[in-house]
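Each chain, written out:
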Amino acid sequence: MRILITKGRVIDPASGLDRVADVCITDNRFAAVGERPADFRPDRTIDAAGLIVAPGLVDLCARMMEPGTEGALKVEMQAALAGGVTGVVCPPDTDPPLDEPGLVRMLRQSSRASAGARTYPLGALTAGLKGETLAEIETLSQTGCVAFMQTRSLPHDNSVLLQAMRYAKTFELPLWLRPVEDTLAGAGVAAAGAVAGRLGLPSIPVAAETVALQTIFELQRATGARVHICRLSSQKGIELVRLAKREGLPVTADVTIHHVHLIDVDIGYFDPRFRLDPPLRSARDRDAIIAGLADGTIDAICSDHAPIGDDDKQLPFGEAAPGATALETLLPLTLKWASENKVPLVQALAKVTSRPAEVLGEDTGRLTVGAKADVVVFDPEQSWRVTADALKSAGKTTPFSGYELQGRARYTLVGGDIRLGG
Amino acid sequence: MGTRNPQLNSNGELHHLLSTEGLPKAVIERILSTADSFINVAEREVKSVPLLRGKSVFNLFFENSTRTRTTFEIAARRLSADVFNLDIVRSSAAKGESLLDTIDNLSAMQADMFVVRHATSGAPYLIAQHVAPHIHVINAGDGRHAHPTQGLLDMYTIRHYKKDFTNLTVAIVGDILHSRVARSDIHALTTLGVPEVRAVGPLTLLPAGLEEMGLRVFTKLEEGIRGADVIIMLRLQNERMKGALLPSAQEYFSYYGLTPEKLALAKPDAIVMHPGPMNRGVEIDSRVADGAASVILPQVTFGIAVRMAALSIAASSSRMQ
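These protein sequences, in sequence, are chains A and B. According to numbering that gives the first Met the number 0, the first sequence holds residues 0 to 421 in order. According to numbering that gives the first Met the number 0, the second sequence holds residues 0 to 320 in order.
Keep in mind the hints are simulated off the structure, nothing from the lab. All residues carry an ideal CB built from backbone N, CA and C; glycine is no exception. A couple of the hints might just be wrong.
Stated by the list, open to error - To spell it out: a stretch of chain A is covered by chain B in this simulated footprint if at least three of its residues, at any positions, have a beta carbon under 8 Å from a beta carbon of chain B; those stretches are: (1) 63-73; (2) 188-194; (3) 267-279; (4) 316-329.
Said to hold, decoys possible - One-sided excerpt, in silico: chain A residues whose CB lies under 10 Å from chain B: (5) 152; (6) 197; (7) 198; (8) 310.
Isolated chain B, as found in the complex (with noise of 0.2 Å):
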């Protein structure tokens, strides 16, 4: 696989998209300037626009998630794409098939486009390795590693409502061990050139290397989010109350939880945002998640077209035989 930027042509376009890792600025700067022309799609009477006319987009699920496949199924049938879903979880995977020996099979019915999620880190590199150059492979999420159309979409809003990234502080509270959407954040925010992105949580919740990242790291929600301007909050699944992470929900609420008494201390006109599903009474307080900071929903409408433009930005990149 060696250690060359596998998501680029030699060019230097985006061909794959697998992590906003090793994404260049101009890349992100066009996904999201693409998606402001899609934006408006949506509310036409046609939502639709031809710019995948003919292609197969094979959406590839290795784990569930009904909702990032569909918000995946939607962009790419306004793009006009074909789109079929596989529910690999329940056909062959079970039967013993191997990941490669599954694609090859896919890529024989003229796929043009993978669209995976995996329960491993990594699983989309090994598929973008092994594809045929005319096939374009976009990740959906891969074990703790990255999810880039979610920090990709999480950049948008962003930028919706702050403008420029350059002044900005921005905390990614909770369950970063755990997330692929915090990593996929952490990058695309120091490459969009965010002076201070903040890593808030209990030391059980926080992988080792934030600093190398350029993080700095809270322990403490109050002193992490205050002055911010965007709070990112992530979800805290039901399973890490299991083991030692964490004793319990109640207590994580307690010193975790977003209420509005907390968010008091970030800016005045800071936004709170969530990748959803959200835990409400766990990660985040119910007058937080619908109050007037919160831009939680529009986050979902925005995917769909950040979406739209990383699926037709990478189709029109070509990679040499």
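The shape of chain A in the complex, shown without the other chains (with noise of 0.2 Å):
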């Protein structure tokens, strides 16, 4: 199968090419990018003209649901590919917890069988992520792990943290961590500040994350192990981070798309859509997360997609499930922070396209000819109503319900299959 995408604005964050060109897929990679070879006879063209035609999005953090919902997952990957994302990343806090190669084989089998996005699943970093033993993390990688994460917050005992690191650098295996002092974060549901003090929710002081980044990164200086750090969330944070990779550690770091857009005082009087995890934090420390990116302390945009239920989100604030759907938001929020930041679409993009597949080590992400042609092509100014109806996701409840969105997939090709548009 040969395909044409012809006429179309090309942005490939990777080598910097940003203008009308042509893309050119022979069978599922890459075989032309920019001028089209005058004997490539295609069998299938798609008139991209008007439109943008990018590396499909890697999403760092996306639960499908599987395993425990039976049948979810299928419904996710439409989400994914409606938002033109072709490789999703799932974090092992499903249920029961991806720690065993049964069930990473199950859920890769599910994956395929969607014919949806590419799956890149994170083992459990402990038995039942429970913090207290590991997992078989090196039989879960030759199952097709690609990392090993500890979901909620780091293993409540140090000792365990230190003994993950040796174990995985011996087998070279990444850790993913998500930077939570679990004793200081408590059972805080809000960030600590004036907006939690004056609703009178328990909350989560910047020390739980800090105090969890130096226990991190003092013991990669003691191991070497490799680390991700997920879902950033303070300015004091980012700016250790800045420090460590600057000092040469092997770190790097992403945030959540909610993040990059809202602060605690969007919770207004109690909203649950606004319950998040990492909370959602002060004015600066947005600013914080937009400079990190900006400098490139912050590697990556995530989702964080979770479909959570009316059932779990209709409830007070402190009660309510955090997260959000955001498969489908990733791409047009990914824009609206360009736009109102002034920052470079081919600067933007990269943040959801090639810069998270380095930070899995894939070769996607890229427009670069032999590589697996996973890609979107989207219109910049389609505008669009997040409404329950317009989403493909379980999932019905963002932060942004009700918003006029701009940027949708037309096309979304994985490994040259046209799987949405086609």
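If you follow the hints, you should be able to join the two separate chains into one complex; please do so.
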């Protein structure tokens, strides 16, 4: 199968390309990007005039609800494709947690059968994610786990984290860690500050993040383990990551798209749609996130997609499940951030394509000849309203409900297969 | 839920009473002056007025509080409402029914008003957003967030003894972090034009953001109550001693307990308030609690009239569908 995507504005963050060009795909890989070879005879031509052609989005955190909810993954994959997302990293906080090879095989099988985005499973770092004993991470790695994550907070016991880093270093496996010190985070549901104080919400101090980061970095110095920091939220935390990178520690970091846009004040009168994990922090923290994206301290923006049902969200703020549906808003909200902060598209898209792919060490997120042909073709001007009906995901709750957003995928190709817009 | 004030209808009238925050001065003043007219009802032979005749008021207490529930019950009965007490702690919530399902079921029983006490901050907002437009929600205390009728009865008490708010220094002492009463007092005092509101307590019991709310923060009791016209003592719950917030009730009393000696630092005509129930010998010395400056029992009496005012005013507003 030969596909020609022609007349589009082609943006490839990895190479810096940003101009009207042709993209040629043969079988499942890119055959040419730029000029169309004279002998290239397409079986299918996509006219991308007025549209942007970019690498498919690589999302470093999207919950597809399997294992746990049978049939859920197929639905969420449709949401991924509608959002132009061609690769999803699945965290292990499933039910049961992803800590056994059999579960990982089931997830991969279910993913293949769905004909959706590529799946990158994260294995549980510790058995049952309990933070007590190590999961069989090398075995899980052989089954297809790309890294190992402890989801809610660091293991309560620092010696577990130290041994986990040593063991992971043995096999050169990366750890993905949430920078949350559980004893300081406690049962908090909002960021410590004036808003939580006024609303009387149990709060999480910035120190829960900074103490965790200091612990991670100190143990990295001792072990040399590679760590990806998941979901930074505070100005002080970002500064610590900046210093760690300057020092040369093997560390990368991401934020969620919600934290690029929203702050604690947006909680308003206890709106449970704004109950997120990590909690939304102050305007100063949000500005630090934007600065951290600009200077490269923050490598990637993820959706942190969580398709939470109304039953778990229509509750008093502190009792509502944290999270939001986000696979379909990741692209338009990335464009919104770019336009509001005058970030060139080629740089903005890097945070959701080439950089996250590099964090994974995957040969995607780029329009390079020979690479896997994962592509999104989108209309950056197309306005759409975020409503329950407009969203393909089973999760309908997002802080952006009712918003008019710009940018929607017209075609999504995974490995040269047109899975949206065909 | 949006950011529009969910307590007011489109005419700016009180529809739900959820918090003293964002309550316009005129609405607070109307509640206080309406309460004046109810003070005498209690002294009459027939202790009721027919303002809520035929209306059904449901007391929904998701958290136990016999005292607060009783004051709401008395207030509603004196307004001639039909009152139904639901002890949710032991019924539907225990069976796993969701909060909004409970509300739907009770709404179907022709409720006109819900008086809600809930352990989670913000729960009454969720209920107010959910109910049909003719139903009113009164917050009887939610988590650490708000206890607006207590805040209003405190304002009534202060006005009764001090007449004018605009020349007062008011000190709120104790566990402000966990206190919904403190938050409700702070917003009401600020709205009514009190020039100096002070928060007094150890740093473990003071939440972030007090300065942004317009308060002066003191960590020493003596400094915090010096020259004060009004001292509001907060209840210190025993469970605060279990963690690392405070070492012991004894040490707390030594540094933050209100004794006659410390009270002498306030204005000579200062009044001492407490939302109850008191822990004598923990936050307050019996000689102060029972002394001449104490207005703690009048607070309770005023509380009925203020709750009657809040219920009747909210019930009289309508919200278009």
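_Hint check against the structure, violated hint numbers in rising order_ = 1 and 5
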